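First to last, the protein sequences are chains A and B.
The first sequence: position 208 = 208 (the working numbering), numbered continuously.
The second sequence: position 420 = 657 (the working numbering), numbered continuously.
Read the hints as simulated data drawn from the structure, not as lab findings.
Worth double-checking, as some hints may not be accurate.
List of simulated lysine-lysine pairs, DSS-like, C-alpha gap at most 25 angstroms [to be verified]: (1) B/Lys433 x A/Lys191; (2) B/Lys487 x B/Lys323; (3) B/Lys433 x A/Lys225; (4) A/Lys178 x A/Lys207; (5) B/Lys309 x B/Lys536; (6) B/Lys487 x B/Lys536.
So these bits of chain B aren't anywhere near chain A, every CB distance computed over 10 angstroms [stated by the list, open to error]: (7) Pro251; (8) Thr256; (9) Val292; (10) Ser299; (11) Arg300; (12) Tyr306; (13) Glu308; (14) Leu531; (15) Glu582; (16) Gly587; (17) Gly591; (18) Pro610; (19) Arg623; (20) Glu662; (21) Ile677.
Away from chain A, derived, C-beta distances all over 12 angstroms, residues of chain B [as the list claims (entries may be wrong)]: (22) Leu303; (23) His649; (24) Glu652.
Note that the structure is predicted; figures quoted are calculated from it, not measured.
Yeah, the Cβ is synthetic: ideal placement off N, Cα and C, and Gly gets one too.
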Amino acid sequence: MSAAQKTMENTVTFDLAAAPLRELNATLQGLDASTNQTAWSVHNPRGGHAIAVGLTAPIAVTIEGHAGYYCAGMNDGATVIINGSAGTGVAENMMSGLVHVKGDVSQSAGATAHGGLLIVDGNASARCGISMKGVNIVVKGNVGHMSAFMAQSGNLVICGDAGEALGDSLYEARLFVKGSVQSLGADCEVKEMSAEDKTILVDLLAKAGVDAKPEEFTRYGSARKLYNFHVDNAGAY
Amino acid sequence: MNETHLPHIPQTKPRYSATFDPYTISEIERAAATGIYDIRGGGTKRKLPHFDDLVFLGASISRYPLEGYREKCGTDVVLGTRFAKKPIHLKTPVTIAGMSFGALSGNAKEALGRGATAVGTSTTTGDGGMTPEERGHSQTLVYQYLPSRYGMNLADLRKADAIEVVIGQGAKPGGGGMLLGQKISDRVAQMRNLPKGIDQRSACRHPDWTGPDDLEIKILELRELTNWEKPIYVKVGATRPYYDTALAVKAGADVVVLDGMQGGTAATQEVFIEHVGIPILAAIRPAVQALQDLGLHRKVQLIVSGGIRNGADVAKAMALGADAVAIGTAALIALGDNSPEFEDEYRKLGTTAGAYDDWHEGKDPAGITTQDPVLAARLDPVKAGRRLANYLSVLTLEAQTLARACGKSHLHNLEPEDLVALTIEAAAMAQVPLAGTSWIPGKNF
Numbered sequence: 001m002s003a004a005q006k007t008m009e010n011t012v013t014f015d016l017a018a019a020p021l022r023e024l025n026a027t028l029q030g031l032d033a034s035t036n037q038t039a040w041s042v043h044n045p046r047g048g049h050a051i052a053v054g055l056t057a058p059i060a061v062t063i064e065g066h067a068g069y070y071c072a073g074m075n076d077g078a079t080v081i082i083n084g085s086a087g088t089g090v091a092e093n094m095m096s097g098l099v100h101v102k103g104d105v106s107q108s109a110g111a112t113a114h115g116g117l118l119i120v121d122g123n124a125s126a127r128c129g130i131s132m133k134g135v136n137i138v139v140k141g142n143v144g145h146m147s148a149f150m151a152q153s154g155n156l157v158i159c160g161d162a163g164e165a166l167g168d169s170l171y172e173a174r175l176f177v178k179g180s181v182q183s184l185g186a187d188c189e190v191k192e193m194s195a196e197d198k199t200i201l202v203d204l205l206a207k208a209g210v211d212a213k214p215e216e217f218t219r220y221g222s223a224r225k226l227y228n229f230h231v232d233n234a235g236a237y
Numbered sequence: 238m239n240e241t242h243l244p245h246i247p248q249t250k251p252r253y254s255a256t257f258d259p260y261t262i263s264e265i266e267r268a269a270a271t272g273i274y275d276i277r278g279g280g281t282k283r284k285l286p287h288f289d290d291l292v293f294l295g296a297s298i299s300r301y302p303l304e305g306y307r308e309k310c311g312t313d314v315v316l317g318t319r320f321a322k323k324p325i326h327l328k329t330p331v332t333i334a335g336m337s338f339g340a341l342s343g344n345a346k347e348a349l350g351r352g353a354t355a356v357g358t359s360t361t362t363g364d365g366g367m368t369p370e371e372r373g374h375s376q377t378l379v380y381q382y383l384p385s386r387y388g389m390n391l392a393d394l395r396k397a398d399a400i401e402v403v404i405g406q407g408a409k410p411g412g413g414g415m416l417l418g419q420k421i422s423d424r425v426a427q428m429r430n431l432p433k434g435i436d437q438r439s440a441c442r443h444p445d446w447t448g449p450d451d452l453e454i455k456i457l458e459l460r461e462l463t464n465w466e467k468p469i470y471v472k473v474g475a476t477r478p479y480y481d482t483a484l485a486v487k488a489g490a491d492v493v494v495l496d497g498m499q500g501g502t503a504a505t506q507e508v509f510i511e512h513v514g515i516p517i518l519a520a521i522r523p524a525v526q527a528l529q530d531l532g533l534h535r536k537v538q539l540i541v542s543g544g545i546r547n548g549a550d551v552a553k554a555m556a557l558g559a560d561a562v563a564i565g566t567a568a569l570i571a572l573g574d575n576s577p578e579f580e581d582e583y584r585k586l587g588t589t590a591g592a593y594d595d596w597h598e599g600k601d602p603a604g605i606t607t608q609d610p611v612l613a614a615r616l617d618p619v620k621a622g623r624r625l626a627n628y629l630s631v632l633t634l635e636a637q638t639l640a641r642a643c644g645k646s647h648l649h650n651l652e653p654e655d656l657v658a659l660t661i662e663a664a665a666m667a668q669v670p671l672a673g674t675s676w677i678p679g680k681n682f
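So here's chain A without its partners, still in its complex pose:
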């Protein structure tokens, strides 16, 4: 019996208890933009690593359970739904597409991602959005310490609280926090919420299905004091 089975709803289910990871990823990576087989369901992920990485076709993959490290890594156009929690580096370096985690995520969620949207219904651990390069991230719960460290561009929306050193060494990413911030990192400061910021925030809240108003959020960004080396900032290097 094959690990992949097509259901009445035209969804192909793939059982990772019956077939190796390589087979799953090779199958999904082998689909092109014109594929008609757009719905996939992965069963028994059992915390496995590197599930559904490197997808480039406009397909929807639902993972029924918890995923390990780097789930949906380098995603470029696919929708990946995780009906569970995800380990370190979910959607790392995503280029485009949507990754939606229904549970919590571990460290470095959305790390270095260039585009797309990452939604986390639960909490995110440390370094959420580290070195992000254009991705949009919405975390409905809290984020851990050093989130948005060296974040370059994109938007990080935190509907709960943020841990220590939020936005340390921040470049041009926008941070929006509804709850409290334990501390700001070097060169991160409160910014006035501009009309453009509001538009971005309203759009992301709507896409993530968050019932909140932009006025409830505080906008943070880079003070740009560390952009060029200066003796007066030596303590921050």
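Starting from the known structure of chain A, arrange chain B on it as the hints suggest.
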């Protein structure tokens, strides 16, 4: 008595302190004036135990040599034979080390690709992503996977011939990258998603993994992303070579790249370059020992770098157990870096040809370590590529000459037994006997 008839008293000549020598004094003055550490390019400049401290024994009554130019002496190397579906096959074991577009001009990157391709070897991207020019002119291109992930994307990852996970480099083990604002041009800024003109700092740790257990999972992901085709290199700065090599192998590396403290950098603090890491001479044998202890010597290939200058260095590194070497600084010199042709301009920059190391300032008269379009245009990538190809050929021919003299029909057949050391330090580090003795310090008494 008339003073004019006093006997002449000789004056002592001005004497510089060995501790506070003129360079040290100038550095104290510079630090006092600016309040910030000195940043420069290149590798360590201090004298270190190096390959010059070793000599080959050559053939004698008990060994017979191969006939130069007549008998075959192979130079090829296959990298990535452990797990990769598509190992890379190079005609010479001299590869081009990672150097970024950003640190180098587009013409310089093109010239590196041209030169490497002409002799059948590989070149390597750097902390800035892959440019179409570089991919187009490099038959075999290694794509570096760095902490910053600048320019990292799936399409380029799949275009690469191999992937090099960079954990550290010899010039700055434990340190991140640096590219000062003068070199963040529009194109560099766009490739790195950064504002133009800022002093760009790269992280020293990867953003989504720490430690060898995580690295194993990261390598799994990279293989899954690329259909298990690409050889995965792991590059470390030479610090604890035995354990770093063992851990890289444990994590699943196909190739370990070991960079000694002579290895160059585009921009790093002087104090870092000169005071962190160990010479490549001291690093090779422990790394080889780790591979041998794991039963994987020659199965996981070892590339070493850091101060490789000539075919003798190549041959000695390989005799100590490396499968291949990488060059960076020497390749730039072959392109034209520090050429006396630009002496007048070097003097205007307060330096001289042969000593220019302010690669971070973007004012390179040779047009290599710059993003200034006027300066960059000075480097003809075709001619510079030819110079590099010539130089790579010389390295290979020289290494063959020495291997034949030792009676070896392939560079990989060179072995530590072919070498002796001229100094006690080199004997201890390279673990070969002091010349004329059977003494290897630390091994036998």
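Practice prompt. Just double-check histidine 649 of chain B for me: nearest Cβ-Cβ distance to chain A has to come out over 12 angstroms.
Written response: holds (32 angstroms)
Item to complete: Please settle this one: proline 251 of chain B was flagged as non-interface, so is its CB more than 10 angstroms from every CB on chain A?
Response: Fine: 33 angstroms to the nearest Cβ keeps proline 251 of chain B off the interface.
Worksheet entry | Pairwise hint evaluation, lysine 207 of chain A against lysine 178 of chain A, where the allowed Cα distance is 25 angstroms at most | holds (17 angstroms)
Worksheet item: When you look at the beta carbon of serine 299 of chain B, is every beta carbon of chain A farther off than 10 angstroms?
Response: Nearest chain A Cβ is 52 angstroms from serine 299 of chain B, so the label holds.
Fill in: Claimed clearance of chain A by leucine 531 of chain B, with the beta carbon kept past 10 angstroms
Label holds. Min Cβ-Cβ 23 angstroms, cutoff 10 angstroms.
Fill in: Check on threonine 256 of chain B being off the interface with chain A, judged by Cβ distance over 10 angstroms
At roughly 26 angstroms from the nearest Cβ of chain A, threonine 256 of chain B sits farther out than 10 angstroms, so the non-interface label holds.
Worksheet item: Taking 25 angstroms as the top limit, are the C-alpha atoms of lysine 487 of chain B and lysine 323 of chain B close enough?
Response: Given that 25 angstroms is the threshold and the Cα spacing comes to 21 angstroms, the pair holds.
Worksheet item: Going straight from one Cα to the other, do lysine 433 of chain B and lysine 225 of chain A come out at no more than 25 angstroms?
Response: holds (15 angstroms)
Discussion item. If I take the minimum Cβ distance from glycine 587 of chain B to any residue of chain A, is it greater than 10 angstroms?
Written reply: holds (20 angstroms)
Item to complete: Taking the shortest Cβ-to-Cβ distance between glutamate 308 of chain B and chain A, state whether it exceeds 10 angstroms.
Response: Check passes; 45 angstroms lies beyond 10 angstroms.
Worksheet item: Taking the minimum C-beta separation from glutamate 652 of chain B to chain A, is that value above 12 angstroms?
Response: holds (39 angstroms)
Discussion item. Checking a non-interface call: every C-beta of chain A should be farther than 10 angstroms from the C-beta of arginine 300 of chain B. Is that right?
Written reply: holds (49 angstroms)
This entry satisfies every hint, going by the numbered hints stated previously.
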